[in-house]
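According to the numbering used here, the residues represented by the sequence shown are 137 to 439, in order.
Among these hints, one or two may not hold up.
Unchecked claim - BS3-like, lysine-lysine: derived pairs with alpha carbons at most 25 Å apart:
#: 1; residue 1: Lys170; residue 2: Lys350
#: 2; residue 1: Lys170; residue 2: Lys426
#: 3; residue 1: Lys426; residue 2: Lys380
To be verified - Quick list of the computed label-pair ranges, beta carbon to beta carbon:
#: 4; residue 1: Val141; residue 2: Lys426; range: 29 to 39 Å
#: 5; residue 1: Asp154; residue 2: Gly372; range: 26 to 36 Å
#: 6; residue 1: Phe172; residue 2: Ala277; range: 17 to 27 Å
#: 7; residue 1: Phe258; residue 2: Thr182; range: 23 to 33 Å
#: 8; residue 1: Gln162; residue 2: Arg360; range: 26 to 36 Å
#: 9; residue 1: Gly398; residue 2: Lys426; range: 43 to 53 Å
Treat the hints as calculated values from the structure; they're not laboratory data. For every residue, glycine included, the Cβ atom is placed at its ideal position computed from N, Cα and C.
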Amino acid sequence: MRFHVFTIEVRDPGPGQDALNVFCAQHRLADVEKRFVDQGLNSYWTFCVATLDGEDSSRPAAERKRIDYREVLNEADFAVYADLRGLRRSLAEHEGVPQFALFTYFPSIDHAILVRLLARRFKGADFLALLGRIIASCPAAPGRGLPIGSLTSQHFANHYLDGADRFLLAHPLVRAQVRYMDDIICWGDDRQSVRQVVGDLREWLQRERHLTLKANVQINRSERGVSYCGARVLRGSLRLTPRKQARYRHGCRRWEAAWLAGIIDEATLQRAYAAVLAPTLHCDSLSWRKRHLELHPSRYSEQ
């Protein structure tokens, strides 16, 4: 992100407003912070504008530099963004019925099956023994489970369902498929086809991975969108879910309260705001954040 500061004088706001309006029309905005400086007749507004790009958006699309979200987002957030981008593409391309397949995953992973799958990918008795000790270090039950939050668990759990991806992609009734960890969505031509896929997947998971599919599988049309990876995914946009919105509001209040109490300084507050903002950048959240700022003005802007 890049930051740009604009000043609008109270006595003569025209030039500053024009410059700010032209700039906003030519850039992709990530955030806007305003602050009023009271100096009597010389009072003015300052606007700190954060942008995702540094180029004129009026230039032809072929000439503009595309945003590299690998630089804007951290590794974990970029992985989520990539899955959401693929999901939105599938929603736009298929008229079929999305299907959610969710199950209690990490505590249900069978250690013996996981070790056998890893042995197909890795060689060396010592290394495989090390992987076995890592897998068995925090079982939810004898011979089952992985510790949630561990980086190795993320890789192991993802590899555990690699076969499910291939099963669905090869299924004749599946038109498209997306998976993020244990959240699976696939498309079919009609509800009957999707129900058949659900039944086949249920049998495959039980037989090959000793996993039980949850009973509350949801079936809806693509045009209604889906909630996935913290976003409401529609054909033309990615929106924040109510839970993400609540986290954003809580983060803003928390860090602002710490600053008002003198626990952190202004520089730390700005970095904290950037951290709260980052998870919202891959969604179309600018209008919502502007509205949130209007309803809940920052105390920092009043100082």
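Consistency of the hints with the structure:
no. : hint                        : in the structure
1   : Lys170 / Lys350             : violated (48 Å)
2   : Lys170 / Lys426             : holds (11 Å)
3   : Lys426 / Lys380             : holds (15 Å)
4   : Val141 / Lys426: 29 to 39 Å : violated (18 Å)
5   : Asp154 / Gly372: 26 to 36 Å : holds (31 Å)
6   : Phe172 / Ala277: 17 to 27 Å : violated (60 Å)
7   : Phe258 / Thr182: 23 to 33 Å : violated (57 Å)
8   : Gln162 / Arg360: 26 to 36 Å : holds (35 Å)
9   : Gly398 / Lys426: 43 to 53 Å : violated (29 Å)
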